[in-house]
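Participant: This is what each chain is made of:
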Amino acid sequence: DAKTTQPPSMDCAEGRAANLPCNHSTISGNEYVYWYRQIHSQGPQYIIHGLKNNETNEMASLIITEDRKSSTLILPHATLRDTAVYYCIVRSTGANSKLTFGKGITLSVRP
Amino acid sequence: DGGITQSPKYLFRKEGQNVTLSCEQNLNHDAMYWYRQDPGQGLRLIYYSQIVNDFQKGDIAEGYSVSREKKESFPLTVTSAQKNPTAFYLCASQQDHSGNTIYFGEGSWLTVV
Numbered sequence: 001d002a003k004t005t006q007p008p009s010m011d012c013a014e015g016r017a018a019n020l021p022c023n024h025s026t027i028s029g030n031e032y033v034y035w036y037r038q039i040h041s042q043g044p045q046y047i048i049h050g051l052k053n054n055e056t057n058e059m060a061s062l063i064i065t066e067d068r069k070s071s072t073l074i075l076p077h078a079t080l081r082d083t084a085v086y087y088c089i090v091r092s093t094g095a096n097s098k099l100t101f102g103k104g105i106t107l108s109v110r111p
Numbered sequence: 112d113g114g115i116t117q118s119p120k121y122l123f124r125k126e127g128q129n130v131t132l133s134c135e136q137n138l139n140h141d142a143m144y145w146y147r148q149d150p151g152q153g154l155r156l157i158y159y160s161q162i163v164n165d166f167q168k169g170d171i172a173e174g175y176s177v178s179r180e181k182k183e184s185f186p187l188t189v190t191s192a193q194k195n196p197t198a199f200y201l202c203a204s205q206q207d208h209s210g211n212t213i214y215f216g217e218g219s220w221l222t223v224v
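Residue numbers (our numbering), protein chains in the order written: chain F, 1 to 111; chain X, 112 to 224.
A portion of the hints provided could be inaccurate.
[What the hints assert, rightly or not] So the derived label-pair ranges between C-beta atoms look like this:
hint : chain 1 : residue 1 : chain 2 : residue 2 : range
1    : X       : P150      : F       : E66       : 37 to 45 Å
2    : F       : G102      : X       : N139      : 26 to 34 Å
3    : X       : V163      : F       : G102      : 25 to 33 Å
4    : F       : Q45       : X       : T197      : 18 to 26 Å
5    : F       : S28       : X       : N137      : 30 to 38 Å
6    : F       : R16       : X       : G151      : 25 to 33 Å
7    : F       : T26       : X       : T222      : 48 to 56 Å
8    : F       : H40       : X       : F123      : 15 to 23 Å
9    : X       : Y121      : F       : N53       : 39 to 47 Å
10   : F       : K3        : X       : L138      : 21 to 29 Å
11   : X       : N139      : F       : P111      : 42 to 50 Å
What the hints contain is simulated information worked out from the structure, not anything from laboratory work.
For each residue, glycine too, the CB sits at the ideal point set by N, CA and C.
Model the full assembly from the supplied sequences, consistent with the hints where possible.
Facilitator: Take a look at the structure:
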């Protein structure tokens with residue numbers, strides 16, 4: 001499974017959009033991009049995932065570049081409760097594929 | 112409600128003792144996973160299972176053992192051979208089809224005293 005690279009941290013002002021980048025330059029054609037977030041001492045929470053098209057749900061939008069080597073998670077109106085560690089993960093769909101987590105990016109939303 | 116249940120939430124163990132962490136899911140998922148998380152670190156894969164009666168080692172399997180006798184259950188045993196077992200343990204599951212969501216339990220804190 002391809003690995004991902006994320007900056008260690010970023011912050012944004014409450015009410016503004018938070019754009020979280022992720023590089024996955026070795027992603028292969030059958031690998032999906034997933035985003036999760038984790039608040040301290042809780043299990044990771046699913047946010048969104050995609051293959052090659054941009055995706056949007058009630059929580060966020062996922063923008064995947066045309067070459068699929070990078071993506072951006074967008075939280076359109078960040079709140080203080082969005083402060084968490086955000087993980088970008090790629091996973092294949094083949095047999096015995098596994099999830100590989102990096103250290104994620106710590107998002108701090110300031111008042 | 113459907114989901115993944117981990118128990119216990121908090122567990123204390125004396126050095127030299129084995130301990131088993133429970134993970135149960137009622138989502139009818141084929142694949143299940145165990146992760147370890149140390150403070151300020153990402154998740155590291157211990158073991159995973161794609162189907163009943165089959166499992167594979169992850170990146171840090173030494174000192175751990177698992178079983179998958181039933182589809183809904185994937186218990187993790189932390190053995191005395193695990194030299195630094197104090198950590199946060201997370202169980203996850205996914206239906207074994209392309210693009211399906213991966214669900215996590217709420218985690219179990221293990222402390223060796």
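Participant: Enumerate the violated hints, using their earlier numbering and listing them in ascending order.
Facilitator: 7
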